[in-house]
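Trainee: Each of the two chains sits in its own frame; use the hints to bring them together as a complex.
Residue numbers (my numbering), protein chains in the order written: chain A, 9 to 334; chain B, 178 to 508.
Covered stretches of chain A (chain B as the covering partner; in silico rule of three or more C-beta atoms under 8 Å from a C-beta of chain B):
#1 116-129
#2 189-195
#3 324-331
To give an idea of the interface, some chain B residues facing chain A are shown, with a C-beta separation under 7 Å as derived from the structure:
#4 Asp232
#5 Ser236
#6 Arg301
#7 Pro479
#8 Ala480
In case anyone wonders, no lab produced these hints; they're calculated from the structure. C-beta: ideal position from N, C-alpha, C; glycine also.
One-letter residues, chain by chain:
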Amino acid sequence: MAKAAKTNTEDYLRMYTQMVRIRAFEDNANQLYLSAKMPGLTHMSSGQEAVAVGICEALTPEDKITSTHRGHGHCVAKGAEFKAMFCELLGKEEGYCRGKGGSMHIADQSNGNLGANAIVGGSMGIATGAALSAKMQKTGAVAVCFFGDGATAQGLWYEVMNMAALWGLPVIYACENNGYSEYTRTDEIAAGSITARAEAFGIESYDLDGQDVLAVNDLTQKLVERCRKGEGPFFMNLKTYRYHGHHVGDINREYYRAKDEESEWKTTRDPITNFGKWLEGEKIATTDELIEINNSVRKEAEEAVAYALEAKYPDVSEVDMHVYVA
Amino acid sequence: MREITLSKAVNEAIAEEMRRDPTVFLMGEDVAEAGTPFKVLAGLVEEFGTERVIDTPISEPGFVGLAVGAAMTGTRPIVDLMFGDFIFLVMDQLCNQAAKTHYMSGGKLSVPMVLRTNMGATRRSAAQHSQSLHALVAHIPGLKVAMPSSAYEAKGLMKTAIRDNNPVVIFEDKLMYQDKAPVPEEEYLIPFGVANVKREGTDITLIGTSSMVQVAEAAADILASEGISAEVIDPRTIVPLDEETLIKSVKKTSRAIVIDEGHQSYGVTGEIAARLNEKAFYHLDAPVVRMGAMDVPVPFSPALEDITVPTPEGVAAMARKLCSGEMIHAA
Ligand SMILES: Cc1ncc(C[n+]2csc(CCOP(=O)(O)OP(=O)(O)O)c2C)c(N)n1
Ligand SMILES: [Mg+2]
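Next up, chain B with everything else stripped away, as it sits in the complex (with noise of 0.2 Å):
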């Protein structure tokens, strides 16, 4: 199968879906001849013109208000948030406009919009450049939280957004653009809710969300070589989450680490950590165990900034703690 880069593979999507349906649009800063920042968007422009890819002034909480309105009377716009820092701009918009207009039209309004944005650290872009900010908005009911781990998940998760009839928020993380991965050439979509089991195992199991995945399996390859085999679980969006997916590979394998580049407190890992305590509590032999990134804002200095993520020998450091019972007694 041919390999294409995640940027590509999200530029894809767009595009096949711009030509499917004329009421999707795209929207943002410099995302018309600059194609984005990170140039995932180059191309479109010349294909769509200005009509449908639109350049917008630096107002983020204008624009996004623009998407809830227009996505409320007939079209389907997606809107581009350079990065996912921004995300605090537009907090009202979002969270207090498109995630509750439904719900409070008695299902009357639909908002049927995409925001892509991104999210991930260790690129040297200090503390508003690098956070992973999903956690915040997948805590308000209304909108849907994707989070693609590589090419092939952004191509397919990206197309079920954009035809889903709710606010979706994508996290791509800016450090994988350039990542290459296997994806077919014929359409597919990816359903929201479905985990992937990435790799299959019997004595702990690695969910990991984003870049977090790559985390995981290489942390799973580490421990392997010492005899623990662990299972690697993608859940692909964190709202809908597929708890059951997650649950089986738990009553299976006994112990969890949940890995996510969010900060620890009150984040992605925590709620996923309750879910499997709540629903395998009787199956576990340990903890169920949160790795996110440091409660710390993100850091410039390199000597500081990579140690506030998790780490492929960081997480193998703590499964083979789990899988010899050390944490059982952990005060």
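The following block holds chain A by itself, in its conformation from the complex (with noise of 0.2 Å):
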């Protein structure tokens, strides 16, 4: 963990328990799938909570994020109401999206969350755009843009990451590179190295733990410091794992990852089980007290998983509703 001054308790029980809640989601969400009641599939965040918490710790919720098709934890971090999730995860009219856009298009207006996508770096103009506009409309607001390792495979970011730094714009692109795209290790089909493509930019890039939620932290708050005074882009590649399959489907996947590796990750790098041992070594929480925080999050998640699967489904008429703005 990185030396991070005890400066407030507050904050780190709330990146712990923001982290727990991820988790608690993820769970619940592959509970669904696995007892179909679930439509569809969906892509579990489940071991990268520390790059989601980390980073949306350091936004106010007038930054704006752009997320991915494995998203939840990002909806979540940045400030997401468990039911309005659920609800839209099973395509109900209380979803955040009414139930139009499921698990990968949650988006939450009202917390700067422009969107989970579908397309690998769909998202990547859409961030940039929005720091075009922050830096236009002088808000001071930062955008983050969320992708997987796999994504920087696309010719759009490059595009983007040059605008972004002829124009000092205001976005901050985060991988979370947890080394697999999809069915296929990502570096079988990437060259070079990922750090160094954003450099050649002459944008200022990190390479970081991803699952050390502090040292994420730490750095995200520095840099929209500095993007706030007109110092972007920046680009931070965060090293993480996911601990599900590529969607929750994908069960028998042992042809192309490792359990060892798995189970590797799992037990000694954990990002909750770490940081909670933290906490207690700097008498910041006890056992007890993070074991309470787990239960009413535990709670708190199955009474909306309860809430959800009771709850309507959008009206037939609402099919042809938002197709244009009215």
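Mentor: Listed below in structure tokens is the structure:
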């Protein structure tokens, strides 16, 4: 763990709680799939919590994020509520997108989440555009573009980095580098260094441990401040790991990823366990207090699931609503 | 005859053509060891190796561009585009480059490549993984477009596509990969531009593409029980289109519904209906009706998604109206 001054106990506990909330959300979403209660497939972000939370805790609701197909964590970390999220996953009227988007398209306008995206790399232009508009309108807002290591193969990234660097846009490109592009190791399909690619545009870039929520948060706070002063853009390459398969249906995956590797990450590099230990070591929280956080978050998630299962589907008349702005 | 899945049929077609012609190779995301997310290409890398079954980065415009160049210089690439929705990413390479090269070069260059991708809603995959975008490429001269409606067509059309000297785009319905149909063990090809009359009838012609052939057949069953005799036709390729067979049928039945899973506006249904109006007007007793997918992005919620696509009941209801003369004076 990075040595952060023990300045704000509340912030630390909120970061811990937010990571636990993401894990609880994902466990319940997975259960909904396994019990055939969820339409379609979904991509779990368990294991990657420290990236989403470390970054989003350094942002205000006015700051924008763009998310990915593996987007539940970003959404929770940016302040979303469980009920409206589970309703969205189940295609219900009270979902964040009235059931129209589902897991891969959750957006939460109220908290500055411009949306998950089912096109790999599809949000790179959007995030950069949000940074352009922040600069034009002098809002002081920053945009964070989350994407995976696989997405660095999309040419769009290189086009928008060029413009962001040319025009000094307040955007942070955050690569959640979990080592895999679907069912293929990314190092088998990526040449050279990802960080060097951003550096080639003159973009200040950082490689860091994405399992260390404090390190992620510290760096993000600094970069966000500098973005607000017009020193952006930046690139963060965050080494992390996804615990589940590519999506909930990807269960037999030993042909591309060894069980040993998975258990190694889970047992030694879990962002929640390790941060919990640090909190205890620094006497910020006791074991019992952490257990209590876990229990109450689990309860909240289960109640939200029960609520969403009973909630109404949108009326069929909504089908052609929202195609155009009224 | 043995029955195999549509997935297996595609796999067999590609394997047979790769054995037959060493210049044929496969390229796309997760095509090798993973055999694609739908497992359609499973086993091919084991037989043909990673030189001919190539996993690419997630760089769709890049690898489609590579395929165009490779096709212009002596090979026959089959490019796998994981979801039909990603066709928007590769439009320049496909439509500005592949489609026009032969023409622009005055016939000197050619692009013998196949782009295989998919289509079809109701899989709860939301608006960016559910589209049926074949009309977009069918609009571009220089591209051929095949739409298999069963395992049998999937195999025969794929083999023809691979041997064709033009760029061909094949749209498979992703909900049909596990559907079985009789497929002969012996080799066969299905020529492009030859429609298949699936069922003969006298009162109305139902023209369906891809999975809408099944919808048309199910509608024909409903109608038969009410004494309405429907003819069902599968064009199999929309470019080239077998107008002759369609016109002949409509001249006989004097009514037609065109059913396709693309959006109804500016789509395949409108194109086919227009040709029938132009070329069989005298024989028509009712307007030719288009039944496409609703003009909305595909919604995620099951409560909404299911009403966006044509159904057998909806087609049967429309056929009833046409046969009873209800549509003739429609405003
Ligand atoms: C343009 C595009 N190509 C391919 C896909 C299919 N696909 C979905 S996720 C994925 C892998 C993405 O890998 P990465 O960016 O590393 O994100 P991760 O899944 O590891 O979080 C692929 C190939 C897609 N959704 N969009
Ligand atoms: Mg990845």
